[in-house]
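A.B. asks: Just so we're aligned, residue 260 is where the sequence shown starts under the working numbering, counting upward by one.
These are calculated hints, taken from the structure and not from any lab test.
Take the hints with a grain of salt, since some may be wrong.
[What the hints assert, rightly or not] Straight-line Cα separation of at most 25 Å, BS3-like style, residue types lysine-lysine; simulated pairs:
{"hint": "1", "residue 1": "LYS490", "residue 2": "LYS420"}
{"hint": "2", "residue 1": "LYS386", "residue 2": "LYS405"}
{"hint": "3", "residue 1": "LYS406", "residue 2": "LYS386"}
{"hint": "4", "residue 1": "LYS488", "residue 2": "LYS295"}
{"hint": "5", "residue 1": "LYS401", "residue 2": "LYS384"}
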Amino acid sequence: MHTYDDYTGTILRELVKTLRDLQCTVIILSATLTDKHRHAIMGIPFNESKLLPAPYPLISVYSQEEESAVGIEITEESQVSLCISANDDTAIDEVIKRAESGEQIIWIENTIVDAQERYCILATKAKEIGIDCGLLHSRFIKIDRKKIEDKWVNLLGKNKKKIRRETGRILVGTQILEQSLDIDADFLVTRLCPIDMLFQRLGRLWRHRENDDIRPRDARHEAWILAPKLKDAIENKNSFGKSAKVYSPYILCRTLDVVQNVLSINLPSDIRSLLEETYKERHEEGSMRIYKQEIEEERKKLAGLAFRGISRLGKTLPESKAYTRYSEIETKVYFSISKEKGKCSPSPLDSFPLLMKLAPAASLIP
Numbered sequence: 260m261h262t263y264d265d266y267t268g269t270i271l272r273e274l275v276k277t278l279r280d281l282q283c284t285v286i287i288l289s290a291t292l293t294d295k296h297r298h299a300i301m302g303i304p305f306n307e308s309k310l311l312p313a314p315y316p317l318i319s320v321y322s323q324e325e326e327s328a329v330g331i332e333i334t335e336e337s338q339v340s341l342c343i344s345a346n347d348d349t350a351i352d353e354v355i356k357r358a359e360s361g362e363q364i365i366w367i368e369n370t371i372v373d374a375q376e377r378y379c380i381l382a383t384k385a386k387e388i389g390i391d392c393g394l395l396h397s398r399f400i401k402i403d404r405k406k407i408e409d410k411w412v413n414l415l416g417k418n419k420k421k422i423r424r425e426t427g428r429i430l431v432g433t434q435i436l437e438q439s440l441d442i443d444a445d446f447l448v449t450r451l452c453p454i455d456m457l458f459q460r461l462g463r464l465w466r467h468r469e470n471d472d473i474r475p476r477d478a479r480h481e482a483w484i485l486a487p488k489l490k491d492a493i494e495n496k497n498s499f500g501k502s503a504k505v506y507s508p509y510i511l512c513r514t515l516d517v518v519q520n521v522l523s524i525n526l527p528s529d530i531r532s533l534l535e536e537t538y539k540e541r542h543e544e545g546s547m548r549i550y551k552q553e554i555e556e557e558r559k560k561l562a563g564l565a566f567r568g569i570s571r572l573g574k575t576l577p578e579s580k581a582y583t584r585y586s587e588i589e590t591k592v593y594f595s596i597s598k599e600k601g602k603c604s605p606s607p608l609d610s611f612p613l614l615m616k617l618a619p620a621a622s623l624i625p
């Protein structure tokens with residue numbers, strides 16, 4: 260359970276409630292679940308004032324009769340250094356320098372357009388020094404995406420010591436790199452995102468510890484977070500750029516408020532405290548109050564849309580219409596028309612591979 264927005268969360272809460280009513284056992288695995296969300300999923304009242312410090316990781320057991328929790332002993336901790344930067348150019352220079360020294364680097368953006376733009380810049384610079392640079396996002400056609408994923412898992416996955424020694428590499432991508440691929444980076448650059456997703460991204464950094472002995476000598480367990488100053492972000496949410504269209508400016512500001520002065524994070528022991536600090540209820544004034552109102556209105560909207568899709572009175576939606584993710588993204592089909600013998604017919608999509616890779620949300624007519 261990597262995300263629990265109000266659309267997905269509403270569906271999940273209703274599912275868990277139904278399963279428990281049927282006396283089922285439900286197991287939920289999550290690396291980023293807050294106490295408030297855990298209580299909501301289980302339908303148990305949450306009182307923040309009575310919240311006791313909980314270890315991480317944690318096994319929470321909720322039977323029909325009682326609630327209990329058992330901590331899991333941590334045998335290994337790692338410390339990640341953080342650097343908050345408002346300058347993309349500085350980060351680009353740092354990435355090129357580290358790649359040239361042999362480091363395997365991941366750069367994660369929050370939108371496809373931003374990923375494409377950073378890739379064009381980095382790929383140009385990487386080509387000059389003979390470094391491989393790749394791009395991965397969800398808008399590639401299926402066959403191309405599979406090829407790219409296989410390539411980079413082969414380069415940055417488990418037990419790839421010989422390949423890693425050959426040269427430095429740069430992979431630019433979106434949230435796909437955050438959750439879907441088992442890849443290991445020596446250095447991470449990421450655009451600011453909600454803190455639970457930030458932890459997912461940090462999980463790609465020095466992921467396979469068996470690679471530690473072959474990492475470049477100067478490699479540091481470090482991540483750079485690209486973000487504006489907190490004051491600028493609060494005064495003008497547009498300072499987040501396109502990220503404000505993907506994630507709530509309120510949550511981005513709360514995340515930035517928590518991490519802006521953090522020089523390092525101990526994983527996993529610091530995860531719970533930072534999650535709870537970001538999402539705890541607090542009184543807001545000025546722009547933050549407006550941002551908070553916006554997210555509360557959006558929550559009501561998404562929860563309402565989710566309830567519309569949940570079965571009622573024994574009537575269920577067909578599988579093709581049962582959406583588990585909410586999206587306002589418009590799907591467009593790109594094709595060309597060829598006239599032959601007075602008839603119009605669309606050309607195959609695979610005849611325009613470059614167009615399909617680079618096409619933004621705006622309409623394109625080849």
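A.B. asks: State for each hint whether it applies.
C.D. replies: Now for the hints, and whether the structure bears them out:
About 44 Å separates the Cα atoms of LYS490 and LYS420, which puts this hinted pair outside 25 Å; it is violated. Restraint check: the Cα-Cα separation between LYS386 and LYS405 comes to about 24 Å, which is no more than 25 Å; the hinted pair holds. For the given pair, LYS406 sits about 21 Å from LYS386 by alpha-carbon distance, which is consistent with the 25 Å threshold. Pair hint LYS488 plus LYS295 does not hold up; C-alpha atoms about 28 Å apart against a cutoff of 25 Å.
The hinted pair formed by LYS401 and LYS384 fails the criterion: a straight-line CA distance of about 28 Å is larger than 25 Å.
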